[in-house]
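Visitor: Read off the chains here:
Protein chains: 2
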Amino acid sequence: MTAPLRLAIAGLGTVGAGVVKLVQQHGGLLALRAGRGIEISAVSARSRGKDRGVDLNGYAWEDDPVALARRDDVDLVVEVMGGEDGPAKATVETALAGGKHVVTANKAMLALHGDEMARLAENAAVALRYEAAVAGGIPVIKALGEGRAGNAITRVMGVMNGTCNYILTEMEATGADYADVLRDAQRLGYAEADPTVDVGGIDAAHKLALLSALAFGTKVDFGAIKIEGIERISLSDIRYAAGMGYRIKLLGVARMNADGLEQRMQPCLVPASSPLGQLESVTNMVVIDGDHVAQTVHSGPGAGEGPTASAIMGDVMDVARGIVLPPFGIPVSRLAAAPKSTSGAEAAYYLRFMLQDQPGTLATIATALAKQGVSIDRMRQEEHEGDTAAVLIVTHACARAQLDLALAEIGGDAASLADPVAIRIETV
Amino acid sequence: MTAPLRLAIAGLGTVGAGVVKLVQQHGGLLALRAGRGIEISAVSARSRGKDRGVDLNGYAWEDDPVALARRDDVDLVVEVMGGEDGPAKATVETALAGGKHVVTANKAMLALHGDEMARLAENAAVALRYEAAVAGGIPVIKALGEGRAGNAITRVMGVMNGTCNYILTEMEATGADYADVLRDAQRLGYAEADPTVDVGGIDAAHKLALLSALAFGTKVDFGAIKIEGIERISLSDIRYAAGMGYRIKLLGVARMNADGLEQRMQPCLVPASSPLGQLESVTNMVVIDGDHVAQTVHSGPGAGEGPTASAIMGDVMDVARGIVLPPFGIPVSRLAAAPKSTSGAEAAYYLRFMLQDQPGTLATIATALAKQGVSIDRMRQEEHEGDTAAVLIVTHACARAQLDLALAEIGGDAASLADPVAIRIETV
Chain A
1 MTAPLRLAIA GLGTVGAGVV KLVQQHGGLL ALRAGRGIEI SAVSARSRGK
51 DRGVDLNGYA WEDDPVALAR RDDVDLVVEV MGGEDGPAKA TVETALAGGK
101 HVVTANKAML ALHGDEMARL AENAAVALRY EAAVAGGIPV IKALGEGRAG
151 NAITRVMGVM NGTCNYILTE MEATGADYAD VLRDAQRLGY AEADPTVDVG
201 GIDAAHKLAL LSALAFGTKV DFGAIKIEGI ERISLSDIRY AAGMGYRIKL
251 LGVARMNADG LEQRMQPCLV PASSPLGQLE SVTNMVVIDG DHVAQTVHSG
301 PGAGEGPTAS AIMGDVMDVA RGIVLPPFGI PVSRLAAAPK STSGAEAAYY
351 LRFMLQDQPG TLATIATALA KQGVSIDRMR QEEHEGDTAA VLIVTHACAR
401 AQLDLALAEI GGDAASLADP VAIRIETV
Chain B
1 MTAPLRLAIA GLGTVGAGVV KLVQQHGGLL ALRAGRGIEI SAVSARSRGK
51 DRGVDLNGYA WEDDPVALAR RDDVDLVVEV MGGEDGPAKA TVETALAGGK
101 HVVTANKAML ALHGDEMARL AENAAVALRY EAAVAGGIPV IKALGEGRAG
151 NAITRVMGVM NGTCNYILTE MEATGADYAD VLRDAQRLGY AEADPTVDVG
201 GIDAAHKLAL LSALAFGTKV DFGAIKIEGI ERISLSDIRY AAGMGYRIKL
251 LGVARMNADG LEQRMQPCLV PASSPLGQLE SVTNMVVIDG DHVAQTVHSG
301 PGAGEGPTAS AIMGDVMDVA RGIVLPPFGI PVSRLAAAPK STSGAEAAYY
351 LRFMLQDQPG TLATIATALA KQGVSIDRMR QEEHEGDTAA VLIVTHACAR
401 AQLDLALAEI GGDAASLADP VAIRIETV
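Chains as they are written, first to last, in this note's numbering: chain A, 1 to 428; chain B, 1 to 428.
Isolated chain A, as found in the complex (with noise of 0.2 Å):
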């Protein structure tokens, strides 16, 4: 039987903790699944009194993770201490320089510096895994990467943040506005003391520049994805969405078109009868295509202690069983840097006008669109508040440039009380 395989924990909050206790609970069934036993040899922390409910004390301790990384009887760190640079990025640099296996869910360190760590690891011909970096406990890295990996992918494409999909079906269900859900998001635990990572698309951002990556064959490039929160989403474009039978999901998409590489974060309207608008609460959805097998759609927890350190183990697992892949499916040194893409695929918009209520308006706004080639599919004028009329409109598939350029006429409109709301309907 070949030797056990020597972890090393890096970090021990929620997710360290649970990948120990779960080392702890399903050795025999590790082992047997791996061929091999998988030990835990040491590990380290900020703080060595703190209790985290676990027994440490078969494991030696080190206060400097950079040292754990360096330890003689290790093959293997579990990164999950988080934070782009600093401590993660010099032990997760450190072990791979000197020939150890990586396992992280550190997405915002891999999407910063994914190339850099991925180069590191094939140099030393080690495993560099990241299943617990993009979806939680959904093992979509290893559906594309692995699963996938005789088609062609044409879209990838995901709610990947559970913070901001709870809000948004809380304030569907509970007819709350944005700022209460918050703060009641907060006290559950599902959003952070400062929520702008989370609601401002950052940390999806993060983890669909890895899907991109691994998608296309392309180099990771995270400063190139067009990037929107939902801070202002609205009650009523959720409530005029529902009516006209679509949700608002913050929606990562990545497409290669012909001009090249294009990623966006930002809310959308999806068919409310599609498994994406179906999606409720924290739960995340990763939907690939691809040429040959069409679609299939993943989901499941996208966070939290158990569906992390599941995840964690998954990679470990394969390390344990010897695969070593490149990180990215294929060399890094055959990643291309694909352009970002401008063309910007044409789609259908939903917009929200709130105008003065005479004569005219109206005219004004299909004159402004006509005059731009954006047609309209749907339109709808929902009941008045006072003197204000709200009209909805679902476009034909149009050019964001030419439909900002109506929509720059319509809001200048003295007949225009607000700024028009103009959200991409993604196709599903």
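FYI, nobody ran anything at the bench for these hints, they're computed from the structure. Quick caveat, the model's predicted, so the values are computed rather than measured. Check each hint, because a few of them may be wrong.
The list makes no distinction among identical chains, and a pair is therefore deemed to hold if it is satisfied within one copy or across any two copies.
Okay, derived cross-link-like pairs now, SDA-like style, lysine to any residue, Cα gap no bigger than 20 Å in a straight line [to be verified]:
1. Lys219 with Ala31
2. Lys226 with Ile425
3. Lys219 with Gly28
Following the hints, put chain B in place on chain A, whose structure we already have.
Guide: Same frame as chain A, now just chain B:
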């Protein structure tokens, strides 16, 4: 660079031709991802002259698939002939015994001879992979055997026969009855001329047998699966169930109970709002419950040329990348012989009684159920047709044996105009 992986394709029906097309179309991409070329050396099928829409000129031809499996210029045999015994089995056995990897879509063969085949593969230290055998294009064997390898699996279930799901969803959508929809499905190519293997639940049960073994580390035990098809599902039950918030699915469920392994393939009610309940047409879905990850849901096309070829090539790519795992996750010598669970976890049931509309009949039902300790969650009496009333009951969780005693008593009552219907309600 590693030498190319040389394939032989045994069987050139829709799927076999699809694999050839995929290799021809994506040769460069596959080589980039695998780190080595993927080539076809030889092919075999019954009729050499037939036009299959692909150019086979570059490949050696064998009339006999067993001779194909013996060729020296082949590293891996793709078996897509089908049939649980006969040439398919002989071909796979020959390939494995000769130290060649095998990738197959043959669920019937593995459901009946899986352990024996796995032993041959392990003895020769080659791969025997079957992603395409279960739920077509969805990489669920990979998700369960690798992605979820850190979890104890608590339940695996799914809708894995597109024909059945098409028939059930079409009946609901169109109001046509079973026989008419089956005829349409046959015309559209969604059902075979002899549909027994599909509508009888046998095809789906083959798949469940493989998922069970992989999930629970048990010997493949197709014979222990309780199988019931959809032939007796009536439009009335579909509509009554819908009225109570449920949909009827042919659902396979495998769960490890205290007394052994529970394996069932049978029509079940699931909540209409659940992912399983929302599944339409020929799409497949597999739901995996693990102790740490909780639940992940995987859906996609369950059959067809492209999806099946995609699944096969996912397996081929893994082999090309050097991945050889025990076919059922752990060595075949360690697969447990789980007894067939006879306890049968308790469940709620949907019941339908067709009763003569006369005083006292409801009391008869209520009394008979109460006598067996079956308690009622919800009850409805639907509109009469002539002198007949349909009484619908949703029970609380109860043991099937007790329920059957009650049903026998009610069915024997003079007021009962048809055999009572009882369909399990699965917790999702």
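Visitor: Does each hint hold? Answer for all of them.
Guide: Right, here's what the structure says about each hint:
no. : hint               : verdict
1   : Lys219 with Ala31  : between (36 Å within a copy, 19 Å between copies)
2   : Lys226 with Ile425 : within (16 Å within a copy, 45 Å between copies)
3   : Lys219 with Gly28  : between (39 Å within a copy, 19 Å between copies)
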